[in-house]
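Asks: One letter stands for each residue in the lines below.
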Amino acid sequence: MHIIENGNAAAALGVKLCRASVIAAYPITPQTPLTEKLSEYVESGEMKAEYIPVESEHSALAVCIAASSAGARTFTATSANGLLYMHEQVQWASGARLPMVMCVVNRAVGAPWNVWNDQQDSISQRDTGWIQIYCADHQQIIDTVIKAYWLAEQVSIPVMVCYDGYILSHTFMPFDLPDQEQVDSFLPPFQPDYFLNPQDPANLNTVTLPDVRMDVRGELAHGYMEIRCLLQEDLRKALQTAAEAEKRFAGIFNRGADPYIEPYRCDDAEHVAVGLGSITYQMRVCVDQLRTEGIKIGVMGVRYYRPFPDEAIAAALKGKKGVIVVEKALSYGYEGALMSDLKSALYEHLAGTGSLPVVQNFIAGIGGREIRTDDLTQTLRAAAKGRVSKEPVWIGLRL
Amino acid sequence: MQAKSTILSLPTEELVHPGTRACTGCGLSIAYRVGLKALGRDTILVVPPSCLTVLQGLFPVASTKLPCLNVTFASTAAAAAGILATLKAQGNEHTTVAGWAGDGGTSDIGLQALSGAAERGDNFIYFCYDNEGYMNTGVQRSGTTPIGAITANTPFKGKLQQKKDVPAIMAAHHLSYVAACSAAYPLDLYDKIKNCLALPGTKYFHIHIPCPPGWGYDPRYGIKIGRLAVETGYYDLYEIVNGEFKLTAASEKLIEKRKLVPVREYFRAQSRFRTLTEAQIGDIQKTIDEKWAGYYKKDE
Ligand SMILES: Cc1ncc(C[n+]2csc(CCOP(=O)(O)OP(=O)(O)O)c2C)c(N)n1
Ligand code: SF4
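Note that the protein sequences, when read in sequence, are chains A and B. Under the working numbering, think of the first position of the first sequence as 14, with each following residue one higher. Under the working numbering, think of the first position of the second sequence as 483, with each following residue one higher.
Treat the hints as calculated values from the structure; they're not laboratory data. Honestly, I wouldn't trust all of these hints.
Unchecked claim - Label pairs and their in silico Cβ distance ranges: (1) B/522 <-> A/104: 28 to 36 Å; (2) B/489 <-> A/250: 51 to 59 Å; (3) B/646 <-> A/268: 36 to 44 Å.
Since the model is a prediction, treat every value here as computed from it, not as a measurement. Glycine residues also receive a C-beta, built at the ideal position from the N, C-alpha and C atoms.
The following block holds chain B by itself, in its conformation from the complex (with noise of 0.2 Å):
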């Protein structure tokens, strides 16, 4: 593994030009824009509709440095996979192909077509960006949104069923390298692209993406609010390499601590999660306890 990044040693040129769409404190633009420092300029991107297709801009302008390739919603991947065969049958063994998609984009609707490049092993790298929901389309609930979180079409009781765990679906598809990073951390995602690169097949890419509209916070609070989900243990930064599942950054000093943050901090924190119950909370409590207990005792 190579050496950590700091804030310094980040490439200073920039792939996303500054004032994109994107809402204030977005915690896409903040992925996004470290995400393309780490892939570089011989990247090809392939986009589905969503929050990024407004990020990156209107017809004729474009905040994006990078060439890019907005598909249908649900072909990201097979898309993908068209490129990847383009430059092979040029000869071209170089260039990097990176799609970027949402949650309903990805969990949902482009599972599918993740799901065969993946199986097939087409070499490119798929980042997720979870933000929780549809956001584009107003918020809605998505295979990911989290049980308790109101969204648009669950509006009075918040959504009833457990968010899909979609790294461990492409984990199943023993993949070279699953990652879950989060937009408050931003080196820890940078490293893991690095990591990546160079690793065959499919790359999967989960990232936790604080959302003002979309989770209900005053802007300024996005990357708190990200880092409380990692810190009280809710969301972990972790990557599988080669079938080998390892906490990285904040969530391994976690093992270390062996202190957890109460998850009621960062459900208070959003007015999406105020219909969750005390009770309800106690029992997600419980969850997370037992999945740290969990890792605690591999740690020993």
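The shape of chain A in the complex, shown without the other chains (with noise of 0.2 Å):
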């Protein structure tokens, strides 16, 4: 069924969809008309689940991990600061492997205090072994909830679905809303190996030493680097799995497609802009522009950011001119993380082919800043030409 929504309600829809039974959560805008959606439905009956108002963000990622743990399906959403008080518990939600989705509604850290839309909250969480998939519209919002679920339970990995505030979260879109019967065949109930019960009782998350140590019945368990490495070589086997969740997805929803990334007219390209999320659809449109120049360029959003399609991205970049990388974010004190990160990806599987692209970055749309299609038409020219700065170069930037 074909509906018109905003971004927020999309994910609302897709969470009561998959029949999450805990959810926890804490007012912060641009998240806040989602949560609020949740408790509608629980409220109204019209789902069947517990919704806490916790205190914090930092709760309500604990009501999660103690909900994954008792073995319930969870979710909570946050933005911004809300996603860095949370931190120390992201942090735990992995480690703990625990299969929980969560929406980062992107928007910009304070100080000062912005309440705009860019990607540095999730992009600042890279490294807590989540995994993140950036959505670019209605459609892949909804759907990418319900693949994230399928996904975190295959691999015992918890999935951040992140979308850009205000520009998806409060934007009206018109999107097929899956049907109930068939996300029940698209994803059983969550049934964990183990969790709290005091029939079977475990002692979870204990602490671990650095090496190997005996256990009651003289096997060896792992030590705390035994654990964090399986979790690196699960994140990257989950690679595979995303892929197979996108062909069983496809099986009955009849849409998907390359589950890590997204080109478009990228083919004959000999310059390709890449991103995350919605700015890559707007550079669509500046494609088609610079297409009708005579200018070969193409866009990429990259969908998948952790675990890093390395090899997808080095494929679909290999032999190309230049890739010009346009970002929300930026690591302080170098340049953007997903620019270093596709630049280390080109190094490793391109380095000594001869068809090294030059790479070049830019920052735009920082706290909320309007990325004109025009500036961005402009930017994408002027780097198809040449390299325009070794540094980081700003959009739209007046100083």
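Join these two chains into a complex; the hints should help.
Replies: Here it is in structure tokens:
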């Protein structure tokens, strides 16, 4: 069924369709309409779940961590400083291998206070051991939430579904609302290997030593390092599982494509603009314009940021003259985080092949600074001509 | 109220294995062992980093025979709420959820989450075992370290501020049950847990925990010192049931006796109070006497 709703509602509908049974949240703009919607579903009885109105984001994730450890399918969502306030719990959730899903409605972080959109919040959580997926429109939001639960529960790793505040969260767009039966066939009920249970007691997340240690049966149990290494290995393997999720989903819902990247007019392109989230769809407009001017350019959205689909990205960019990375966040003191990751993927897969593209970095839309399509087009036009600067260049800056 | 337990009427089943990693003479070992007996098998525990994390053993062994979720320092009460919500979603109305945190994990970093859960009325029991300092990190001051106590970060003058009254803070949340207990009176603790199990919402327990390395005394004197705290009227055993305050056990008996042991005896038994002067002890004695004059008056 096609409906017209905002991005937050798309996420809420996805969570409802996935039958999350424990939801905890704390208000922060622009996430609020999403969790308000869920509280409506729960209070009206439309959704059978427990909704815990916690006193902080740290507690929101604490509730989800404990509920997931007790066998519930959980949900929370946040933005900006809420996500930063959760940071300790974000790390805990992945270390404890809990298959939870959290939406991050991207917003700039303080100081100074700013409630508008950029992606510094989720990018700052890049190294926490979560799977991180970026959405470019409303259909992707609802579909990604559904796929995220399946993926998380397959690999026992939590998933962050990120989408741009306001640009997606507060705008209305038509999208297909999946039907409940189809979602049920895609996503079976959550059945964890172990959950907190007085009939089968276990002590979870106890102090774990640097080295391996004998258990009571004389078998070697993992040390901390083994446990952490398994998280890394399983995250890398999750790329395969993500492809499987995409295939399963396409089989049932008849839509879906490359799970990792979303190329547009890239096949014959000499230059490719790269980004995360809604800006990649805006860049399609720029690309269409530049194509009429004879500039051979395409755009590629990176959907999976962690685990990083380095191989797919390098393969898509092989032989291109130039890559233009446009980001709404940066690793202060160096350059955009996606820029660094992308360069390392290109180096790993293309060094010595003679087909390493020139890579340039642009920073845009920080703290909600309007990204005018004309400016963006002009930036791509200039970048396609040759290297503009060695340092990241801020689009629309008035310094 | 139920009959008072005796040492012979306690369940014989141990839910804590002997030989834990706690220090010799640790008051927490007693409170935890007896507390779990009262909670029983059908319980899920939540524990933040503290001496209890260590007492429970290092992976892959565990000293506790109940399921236990170790959580981050500030999140004990919120985690308990998450387990409760799941049990509710699963239709399980019988399993008890209990958080066990230290005084730092309760009175300082965990207070916000505890207050949130108490305000929501989440149906679980929260135990704060109060050894009056951050012991796991090497005896630093906490919100409940008493005035005058030397700690690693109040090294010369002792703590200059009053002990935070956490049970009073929790009582201000209109809880169905708030209790102050001591490891030196385990049967009082046991009976109080049994008394509150059926009550609704959040139940709060504060347990005074003598700690040999943190307080500075020979491990064999732990019970004696715990009892001195009560007999001097310095630390009181009580319960607040639906707002009704009542002294219990040894503290209740002090009402009849109308006679307190001088608090100097309590202070002089521990090296952490070594810099307290006689004048300071005199001031503290005066506060205690005034508090008890109030109790006596209520009794008349
Ligand atoms: C967020 C955070 N800050 C600090 C610590 C370090 N830490 C671990 S245990 C502990 C002391 C716990 O003190 P308390 O709660 O009083 O329990 P006790 O050790 O006295 O039993 C501290 C400060 C931590 N684990 N997490
Ligand atoms: S430091 Fe104190 S509370 Fe901690 S285990 Fe030792 S005696 Fe017990």
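Asks: A range of 36 to 44 Å was offered for this pair. Does it hold for the Cβ distance of residue 646 of chain B and residue 268 of chain A?
Replies: violated (57 Å)
Asks: Per the hint of 28 to 36 Å, is the separation of the Cβ atoms of residue 522 of chain B and residue 104 of chain A within bounds?
Replies: The hint (28 to 36 Å, Cβ to Cβ) holds, given that residue 522 of chain B and residue 104 of chain A are roughly 34 Å apart.
Asks: How does the Cβ-Cβ distance of residue 489 of chain B and residue 250 of chain A compare with 51 to 59 Å: does it lie in that range?
Replies: holds (55 Å)
Checked against the numbered hints given earlier, this structure breaks only hint 3.
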